[in-house]
Amino acid sequence: MADYLPHTDDEVEAMLTFLGLQSLDDLFAHIPAAIRLAAGATGLPEGRFEPDVADQFAQFTRANRASAGQLVCFAGGGAYDHEVPNVVKSLASRSEFVTAYTPYQPEVAQGVLQALFEYQTLVSRLSGLPVANASLYDGATALVEALNLAGGSTGRTTMLVSAGVHPHWRAVVRTFAQGTGHEVVEVPLVDGVTDWSSVDVDEAAAVVVAYPNYLGVLEDMAGARAHATRLGGLFVVAGDPVAAGVLRTAGDWGADVYVGEGQPFGTALSFGGPYLGLFAVAAEHVRRLPGRIVGETLDTNGRRAFVTTLRAREQDIRREKATSNVCTNQTLMAVTAAIQLGWLGTAGLRQVAVASATGAHALFDAVTAIEGVEPLVSAPFLREFAVRLARPADEVIATMAADGILAGLSASSLTGGPDPSVEDDPSSVLLVAVTERRTQLELDAYVESLRKAVR
Amino acid sequence: MMTAAQPGGRAASIPLMGHEIEPTMFELSVRGRSAAQLRTTGIAPRAIESMVPASHLNPEPLVTADLAERDLVGHVTRLTHRQFSVDLGAYPLGSCTMKYNPKFCDAIAADPGLASVHPGAPVAMVQGWLELLVTLEERLCAITGMAAATLQPAAGAAGELTGLLLMRAFHHANGDERRRVIIPDSSHGTNPASVTLGGYQVTTVPSNERGLVDLDALRAALGPDVAGIMLTNPNTVGLFEEQIVEIAEAVHDVGGLLYYDGANLNAILGVVRPGDMGFDIVHMNLHKTFATPHGGGGPGAGPVAVSSRLEQFLPGPRATRVDGRYEWVTPKSSIGRVHGWHGNALVLARALAYIEVHGAAGLERVAQHAVLNANWLRRRLADTLPAAYERPCMHECVLTATAVKSAHGVRGLDIAKALLDEGFHAPTVYFPLIVDEALMFEPTETESPQTLEALAVAVESIVARAATDPESLHRAPSHTPVSRVDEARAARHLIATEDDAER
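Chains A and B, in that order, give the protein sequences. Per the working numbering, residue 1 is the first one in the first sequence, and the count goes up by one each step. Per the working numbering, residue 1 is the first one in the second sequence, and the count goes up by one each step.
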């Protein structure tokens, strides 16, 4: 009889009497008998107490051999093993944030609202664009929203997407294009950099480039911007927000829309979710911004207050004319990101970017000296890189796991097969990411393990 | 009923010292301060200029906010003191299901054995995670009476759009291109928005005087170009669509599919299943029905379950049991991915923990007590605020303030704001749109009879005050961290960041 219900049997009895009913079942008397569920018909197990269910979950966790204590993480691809300090975990797990709902009553929701205002400010600065929303589900779905914005803004349907955009993100874009009717054109990479000239289109709603791209490469941003201008489409930059610690921002490169995956800021790897989609736009696109926006205003006593605003854009008011159906977003992750960035500070954000890049370049130099490991491309990278192995990457990953190392991701595990991002077979391509948490000892162990694994 | 009102800890919803604003982290920032402590890597330093071409480097440091750890903790803690939450008090926000979120489920999700796992790790290393997902899928299918499910959608609205793309793929595979999707006028706003993004046109059918779908109007709207219908059942006025079998027959007769918006699934757990009502596609809001915390507006999770004829179209990859092991398998006619990875995995883990604790009988009690509480509150307040539809409700009741408004000029919004001063969260106001001056209360099953009585007493006292001192209600709330907020000003002069020049 495990549950969280406060009512005693006597109280239930009294409440039923007040309603003139005999039994709890009478509450459902108006539901047609033909479709009522017979007792035990679902085949669900009986309930158990918390410690018993904890035992069941301990079996799940024992069957996972990829947790941080078991494998040193060199995998990235949009999910990174960054430091999350106790102070951030502690603050972000406060139940006032965790157990609140969407701030529909701003008078009793100033905590979440102000935290989101601070988050929006941080995303605006990271993206170099003036207005950010209060988060979307993840980076992939944020890109879908960017394309919907571009379609609405230009009245066009052709979406030019660099193959350097994460393969999963491109897959998600293709899925949702089935409903919107967008024509998604993927532009191949040559030596890791998008070759815009290889695709013959006259106009586009959006030109999308990833910065750095999923192979880690720093794209020709000026060239991509110029291509967007040529085609009259919005310039959409899918950016790694950690890179903003050292790189020029999307806004600096002339982006109309910025999207990103915010997981690196305070959210654990979490087997892929919940993460958060970062989204920011140039000023002229504010009225098409998807999701919620928090704005600053005053209360009736003239004190500063925060409130969700430009609500007229949203689905509950515009219904079928809305340009986005987003309601629930990832507020708790957004609040967490703001706290994490507050903890990092200006110097800490830069230190994370520089230390990650330093580790990645040190590891790149060491592994490309191994026979059977070649750089995939010659273009410059920041904190992730791709190498071509003499053996299938998935085999190498499995071998290195026995040494306690998650060596990275095989390109083919993301692409699922041949892909315009990789000129030859992606199954021998290994994607490696290094964060500020990796040490020289771990790098040394990686190099030794890889040397054996590719032999 | 003689239950005494005991609003436990009501004062806790009021800040210790009200009426001071909290500076933003940027206002608190002092350049040169720092809280960060990062690992000593032992890796030889390199200059960023030696790794990255100068043309890519930001010549100026990107300034965020610079705080000592103690100041960060103070700032964020003070923010939390300006925030209402389920843990503080009753939160009868209709349609949102703000029930108690068990701490046990949070602890499950925080376990590093789940939380520190990379989503791209080799499948042999994450068998426990896949088993967890397969188990949850089986449970959700048993609960809804469906054949298979995707766990990828990150929220209810994402589930809706996924479901509509499944509907589209199904018809397309039959060489059957259809144009329209029917929704009732009482539907959630996400429904019509999702229909448009799914590439369909919306046809709205009116509700009848009983608050239910008008079957004749529905039949008139049906035709061979109808792809399907989206229904919430119980619907958004908290009433069960008693003619659901006839509705399903009529829609299936023209070759359409039935989509179940699971926003109100919590009302029927163990009582009746969407699959048995005739639905083909079902989304669930795990953050409502299975009590995963709402996080101030997310994360949620919106799995979509389908009948067997739609299974081949589900998003992939899906965790699947193959010869005693677990693999990622993409269905043969899959619409593709709808999430960057596997969905909001830690939310899914929490929901499974909740389901396992409750089991079949526990989940049925959840529905029974939710409906009991809602009906008790509706009856208790019948002389104060009448229900929009004078009939037994399900897990929520829609009351109307029309009479109070015409008699005293006090609107539903004023009553909602005054409730904040009484230590309760407000009900949902002005939804559904078909009810004038709607106040939608969803007490949930986890509030005690004493708390319900206290809520009723608070509503009574507010409505009584409408006759004697309506002005005080127009000004409410006054005991909250800020008083009524100027929403029009926020929209007129958008200030969405600290750096806005308007500021």
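For the record, the hints were derived by calculation from the structure and aren't laboratory data. It cannot be assumed that every hint is accurate.
[To be verified] Pair ranges (Cβ atoms, derived):
id : chain 1 : residue 1 : chain 2 : residue 2 : range
1  : B       : 324       : A       : 202       : 51 to 61 Å
2  : B       : 245       : A       : 157       : 55 to 65 Å
3  : B       : 321       : A       : 185       : 48 to 58 Å
4  : B       : 321       : A       : 181       : 54 to 64 Å
5  : B       : 382       : A       : 157       : 48 to 58 Å
6  : A       : 9         : B       : 210       : 32 to 42 Å
7  : B       : 502       : A       : 157       : 49 to 59 Å
8  : B       : 60        : A       : 439       : 29 to 39 Å
9  : B       : 493       : A       : 17        : 24 to 34 Å
10 : B       : 499       : A       : 223       : 25 to 35 Å
11 : A       : 36        : B       : 39        : 51 to 61 Å
[Unchecked claim] Far from chain A by the CB rule (all over 10 Å, computed), these chain B residues:
id : residue
12 : 46
13 : 69
14 : 128
15 : 155
16 : 173
17 : 174
18 : 209
19 : 215
20 : 221
21 : 225
22 : 253
23 : 296
24 : 384
25 : 468
26 : 472
Where a beta carbon is used, it is the ideal one built from N, C-alpha and C, also for glycine.
(message) For the hint 48 to 58 Å, verify it against the beta carbon of residue 382 (chain B) and that of residue 157 (chain A).
(response) For residue 382 (chain B) and residue 157 (chain A) the Cβ distance comes to about 54 Å; the hint holds.
(message) Confirm or reject: residue 468 (chain B) is not an interface residue toward chain A, with every Cβ-Cβ distance exceeding 10 Å.
(response) Holds, because the least Cβ-Cβ distance between residue 468 (chain B) and chain A comes to about 22 Å, which exceeds 10 Å.
(message) Does the beta carbon distance between residue 36 (chain A) and residue 39 (chain B) stay inside 51 to 61 Å, or does it fall outside?
(response) holds, 59 Å
(request) Mind verifying the non-interface call on residue 128 (chain B)? Its CB should be farther than 10 Å from each CB in chain A. (result) violated, 3 Å
(request) Quick one: work out the minimum CB distance from residue 173 (chain B) to chain A and report holds if it exceeds 10 Å, violated otherwise. (result) holds, 12 Å
(request) Starting from the range 29 to 39 Å, see whether the pair residue 60 (chain B) and residue 439 (chain A) falls in it by beta-carbon distance. (result) At roughly 30 Å between Cβ atoms, residue 439 (chain A) and residue 60 (chain B) fall inside 29 to 39 Å, so the hint holds.
(request) Grab the minimum beta-carbon distance between residue 174 (chain B) and chain A and tell me whether it stays above 10 Å. (result) holds, 16 Å
(request) Evaluate the condition: distance from the CB of residue 221 (chain B) to the nearest CB of chain A exceeds 10 Å. (result) Residue 221 (chain B) clear of chain A: closest Cβ-Cβ about 15 Å, beyond 10 Å.
(message) Just want to verify: residue 253 (chain B) was marked as not at the interface with chain A; is every Cβ pair farther apart than 10 Å?
(response) Given a closest Cβ separation of 18 Å, the condition holds.
(message) 48 to 58 Å was suggested as the range; check whether the CB atoms of residue 321 (chain B) and residue 185 (chain A) agree with it.
(response) violated, 38 Å
(message) Quick check on a hinted range of 24 to 34 Å for residue 493 (chain B) and residue 17 (chain A), using CB atoms only.
(response) violated, 56 Å
(message) Please check whether the beta-carbon of residue 225 (chain B) is more than 10 Å away from every beta-carbon in chain A.
(response) Residue 225 (chain B) is indeed farther than 10 Å from all Cβ atoms of chain A, at 17 Å.
Hint check: violations occur at hints 2, 3, 4, 7, 9, 12, 13, 14, 15 and 23; the rest are consistent with the structure.
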